[in-house]
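Please put together the full structure from these sequences, using the hints given.
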Amino acid sequence: MNTKKLAGVGAAAFTAATAVTALLLGSTAAVAQEAASDSAFALSASGLLNIDPISYVESPDGNAAENQLAGIGDVLGEHQSAIGVGVLTAEARGGASETSVTKVNLLQLLRADLVRTYCEDGDGGMEIVRGTLLGRDLPETPVPSQVLDVSPLVKLTLNDQVRHEDGSLTVTGIELTVLPGAGENLDRVLTSDERAALPELTGLLGTELPAVNTVGDVVNGVTEGLGVQVDPSRPVQTITVGSATCSAGDGDGNGDGNGDGNDDGNGDDNGDDNGDADEAAEVVAVGTAPAPQVMDASLPVTG
Amino acid sequence: MASPEDRPRTSRKPLLIGAVVGVVVILAAVIGFAALSGPPDGSPSGIAAGELAPAAGELPLSSTYTTVDGAPQDSAVDAKTSGVVVHPIRETPVHDAPNGRAIARMESTQIGDTWLPVIGEDQGWVQVLLPSKPNGSTGWLRSQDVERANTPYLINVHLESKKLQLLRDDKVVGEWTVGIGKESAPTPAGRTFLLGAFKDAKQSYSPVILPLGAHSPTHDTFGGGPGTVAIHTWPTDDVYGTETSDGCIRVPPDALDQLTRVPLGTLVMIDED
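If you read the protein sequences in the order shown, they are chains G and X.
Our numbering applies: residue 1 is where the first sequence begins, and numbers increase by one.
Our numbering applies: residue 1 is where the second sequence begins, and numbers increase by one.
I should point out that these hints are in silico values taken from the structure, not numbers from a laboratory.
Ideal placement from N, C-alpha and C gives every residue a C-beta, glycine not left out.
For each label pair, taking beta carbons as the anchor points, the in silico distance ranges come out as:
1) X/221 <-> G/293: 26 to 32 Å
2) G/135 <-> X/175: 48 to 54 Å
3) X/182 <-> G/139: 46 to 52 Å
4) X/201 <-> G/286: 34 to 40 Å
5) G/60 <-> X/258: 53 to 59 Å
6) X/205 <-> G/293: 18 to 24 Å
Selected chain G positions facing chain X (in silico; Cβ < 8 Å):
7) 123
8) 145
9) 163
10) 286
11) 287
12) 289
13) 290
14) 292
15) 294
16) 295
17) 296
18) 297
19) 298
20) 299
21) 301
22) 303
Far from chain G, by Cβ distances over 12 Å, these chain X residues were calculated:
23) 158
24) 160
25) 165
26) 172
27) 176
28) 177
29) 237
30) 272
Spelled out as structure tokens, the structure:
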């Protein structure tokens, strides 16, 4: 296992060491660090290929920190055309962070001229310029936590946002997951279209996928084809492009810095406002709530 | 700018790296272009089959599968609201008061999109009914983490008279005689809401089931589920006007047709009248 620290670029506040390590399958994910307020990184991966966060910066004291890296082609060697990026930047300061990656090519699946992920005053989002997935256009400004799910085989999550207990927010631009939680769906029978597509593709593995009928057969075939043990309960590969974390704003959503003076209200307001229609009316409703979408699900109810 | 010497390196594992590329290419081709059109027809939805225990130190999820300790109780169970409902646009903590203690997490989807009724408001915060146990649980969400909308509907369920009323803009647009829970497994009174709408291939008694944010007071679990109370229809009409269910509200098919079009988050007020 080789690791090598990156030298700081520009700002003296660049403190994070970035390492790229290819680990054997089954090792723990490399991305284990706790989200620090006002931090960002451009790229990471875990699974067959593990990449610790690249261009990671944080601003623990509110001072601006930034990092820029012109690609990681030498990391991927002959595979750089399959996992390619151009310029990676990340910056963080008090209450804000942002990262961008140009010329993104994830395993020939997803391409984009630019992926920008940002977070400021407890709010955030992302921007994708000329993004495509399997040749189809991606939205330029995805709504938060937009999931393109073909579970159990592949899942793409755009603009995933998680608020933390302290009010800070983490925005993850793109997360591409291969075989996400396949263990829950191993018995699903492949559709005829899926099966029809397999023969010409097995050549890419240089192996055969005999008697492929279910998702489990695919997992087993991949296991045998690679000569490594695939743990079906964990994704084979996860790739993250862009992560930005920022501390909370003033909580009123206006970004005006006025605050609301409620910091002394812990536990005091329980139930005081229950059922007060006038209070509820303070909420400015926008439009009529949508009719429900009837889902396919299995939830035993009390009959 | 980092020099080439400064760039991160990896031990060369061409087989493995090549393998994952191969895997992805194969899977990409297998899945074709379905990715942009959502889940394949007939595939299961994203609903969790159950709820895993949270990791140590992690907030529990507030869902129909979970119990959230420390959630403020709804203290105005017979009060209507203005019809404001909210949809979390991101995963966000549930607090026990504005700027109070975080007691749970709320996700943007549960059974389809999550929509919760607003029962209170403070600057920058909304108080909502929760889908988790115990019944009558409430919590506070940051306003900046939710999308707001308005539902013109209200559903009243009167247990004694076994009537369900659907109101739109305060006018009754439908009224039906319904079946409710038997004495040993009563339908819980209180203020709750439409949590979701789903089809379940594993049962045939109702084409669509509308789970509520309430649970049976006597069945901690039922049929492998968490005792969620729901509105649905029934194969025979002799159940309407009776107390024969295990807590669910059984409605005639035409009632279900109308209720299936009512927005999630709509208030369901169940009283003893």
